[in-house]
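Q: Chains as they are written, first to last, in full-length UniProt numbering: chain A, 1 to 280; chain B, 1 to 326.
Check before you lean on any hint, since a few could be wrong.
[What the hints assert, rightly or not] What follows is a list of derived Cβ distance ranges for each label pair:
#, chain 1, residue 1, chain 2, residue 2, range
1, A, Glu172, B, Pro72, 42 to 50 angstroms
2, A, Ile260, B, Ser119, 47 to 55 angstroms
3, B, Ile109, A, Ser13, 53 to 61 angstroms
4, A, Arg197, B, Arg154, 49 to 57 angstroms
5, A, Gly111, B, Ile109, 35 to 43 angstroms
6, A, Asn110, B, Trp90, 41 to 49 angstroms
7, A, Asp137, B, Leu309, 31 to 39 angstroms
8, B, Leu309, A, Leu173, 51 to 59 angstroms
9, A, Phe115, B, Arg316, 53 to 61 angstroms
10, B, Leu309, A, Gly225, 18 to 26 angstroms
These are calculated hints, taken from the structure and not from any lab test. Idealized CB from N, CA, C, for every residue including glycine.
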Amino acid sequence: MTVLRLHRRRGGSRFFVYATLIAFIAGSLFPFYWSFLVASRDTGMLSDHLPPLLPGGNFWSNASRVFDSVPFWKALGNSVIVAGTVTLTTVLFSALAGFAFAKMRFRGSNGLFVFIVVTLAVPTQLGVIPLFIMMSDLGWAGHLQAVIVPNLVTAFGVFWMRQYIVDAVPYELIEAARVDGCSVFGTFVHVCLPAIRPAAAVLAMFTFMMSWNDFLWPLIVLDAGNPTVQVALEKLQSGHYVDYSLVLAGTTLATIPVLIVFLLLGRQIVAGIMQGAVKG
Amino acid sequence: MTTVVEKPPRQDAPRERAKPTLRHRLSRWDVKFSPYVYIAPFFVVFGLTGLFPLLYTAYVSLFDWEIGDDDPKFIGLENFVTLFGDAQFWNALVNTISIFLLSSVPQVIIAVLLAALLSLRLRFPASWRVGILLPYSASLVALGIIFANLFGPRYGLVNAMLETFGLDRVEWQANRFASHLAIATMVNWRWTGYNALIVLAAMQALPRDVYEAAVVDGAGAVRRFFSVTLPMLRPTLIFVVITSTIGGLQIFTEPKLFDAMPGSNNGGSQHQFQTLTLYLYQSAFEGFDLGYASAIAWLLFLLIILIALANFLITRRLAATTGLKR
């Protein structure tokens, strides 16, 4: 009886619910669309009182000007190198550490794990000045390793992997592998790795997106000649006169690949966020 | 020391029971030391690039330290004294808190409401969730540039819309409050959907029987939301509020790119939207005063801890009082 009443209520408000969600998502998409709209026309359109609603045909010419204005190919390559390396090492080191914390007993393991969780709350950006001094002393300023090394592994990654491995890898399998003569690393490779593929994939996507979109630290430590995509975008905008068709062609070029990946893998990313939230 | 994976030695052990073979010993060492090797990368990386710099910031803040200076001068707490008398610092502090409040308060409220909508039985549930999360994929730099264009003083779309509806245009960059509002809009645009999903996850984990009991007691949907759902979401709300505090107080990219003078670190002609992190960046890499910037970093760190703590207490209090109404 009560269930029936609940259902009727839902049915009545369904239109409102869908309308709200659609409005929200349209609002979410609009800035992306606007960026492409301006990028596909010329800056003159911005002075029209009411801008046109459909894209024009100038996107490729604007895009090619982006490549002339800043070293955009180099920036893309750099971002791929940085985000790719950081993703690989973060997933590998986080899985190893997560495996140790989840399945092995060793002196101090609880305390060390609590320490890692606490560091999640420490904003590392506040240490950028000494970090800059260190990188300069090492002669790394301006080079990609200055961006890569501080991000080789994250507290979040270790935490995430441990939470997953606790449930996903049964002790019996590990012991069986040990009896068969596997080393600890062997059990990690043959037992743990195959079981954690889903969690590793989610962590990889997060890490890649975060690293690809990182701005403050690359801005500080890299120079205009050897930028990542985000630094190149900022340089594109910081002239005396802002050519918005050019600049927004740049943001579109930098956003579309991420957006496509996001739409393809969106379900997993959402599942990952929801799963992480419940367990966190 | 004892490890779960440490199991009976290998099959070849019985042959030389008297003294452990090299292989046996290697296996014991493997079990004993492997965990430390596996967790070492995190501690090495964090120690060198996270913890050490944070502590070293406090040290640098005691010096008159210019970029490239080989022999910085120790000046004790002078940087902090100067900072407390620095109008630009107080201005940046007020801006930071104002932008932080304008972004995190509506963000959390809308996220909870969105989560409530998403928790209803919908067609294509996964697609709605992906759609809600779309802005999360955008880079802050792209976002900053796009919104700076949308809120542009002369040709910005927002002002064009306002005029179409017969309203006055707003000087989004020049007016202090308006600039805070515009920057908060960017922050909210990117993070609301993300937070909605976190709240949704928590909502779905709530026990069903409590709802059934509430329905039996005659509580309507609204009443159930305020008296059952919200109080039980308390831990998640605390989590969301604290993470958005830590992020919100460090806002840098949005105000940097929102400036009508591109590339500037002033946060507007009158510093009307310069945040603490932007001021920190300006002091260090435009003013080359690393000591002074470190003092700002250290105060910002204290502020984050303070506000996170206050948030924690307030959220706990609020959630507790709504719980009592039940």
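Q: Could you run down the list of hints and mark each one as holding or not?
A: A quick look at each hint next to the structure:
no.	hint	in the structure
1	A/Glu172 x B/Pro72: 42 to 50 angstroms	violated (59 angstroms)
2	A/Ile260 x B/Ser119: 47 to 55 angstroms	violated (29 angstroms)
3	B/Ile109 x A/Ser13: 53 to 61 angstroms	violated (19 angstroms)
4	A/Arg197 x B/Arg154: 49 to 57 angstroms	holds (53 angstroms)
5	A/Gly111 x B/Ile109: 35 to 43 angstroms	holds (38 angstroms)
6	A/Asn110 x B/Trp90: 41 to 49 angstroms	holds (43 angstroms)
7	A/Asp137 x B/Leu309: 31 to 39 angstroms	holds (35 angstroms)
8	B/Leu309 x A/Leu173: 51 to 59 angstroms	violated (43 angstroms)
9	A/Phe115 x B/Arg316: 53 to 61 angstroms	violated (24 angstroms)
10	B/Leu309 x A/Gly225: 18 to 26 angstroms	violated (44 angstroms)
In terms of the numbered hints stated before, the structure departs from hints 1, 2, 3, 8, 9, 10, listed from lowest to highest.
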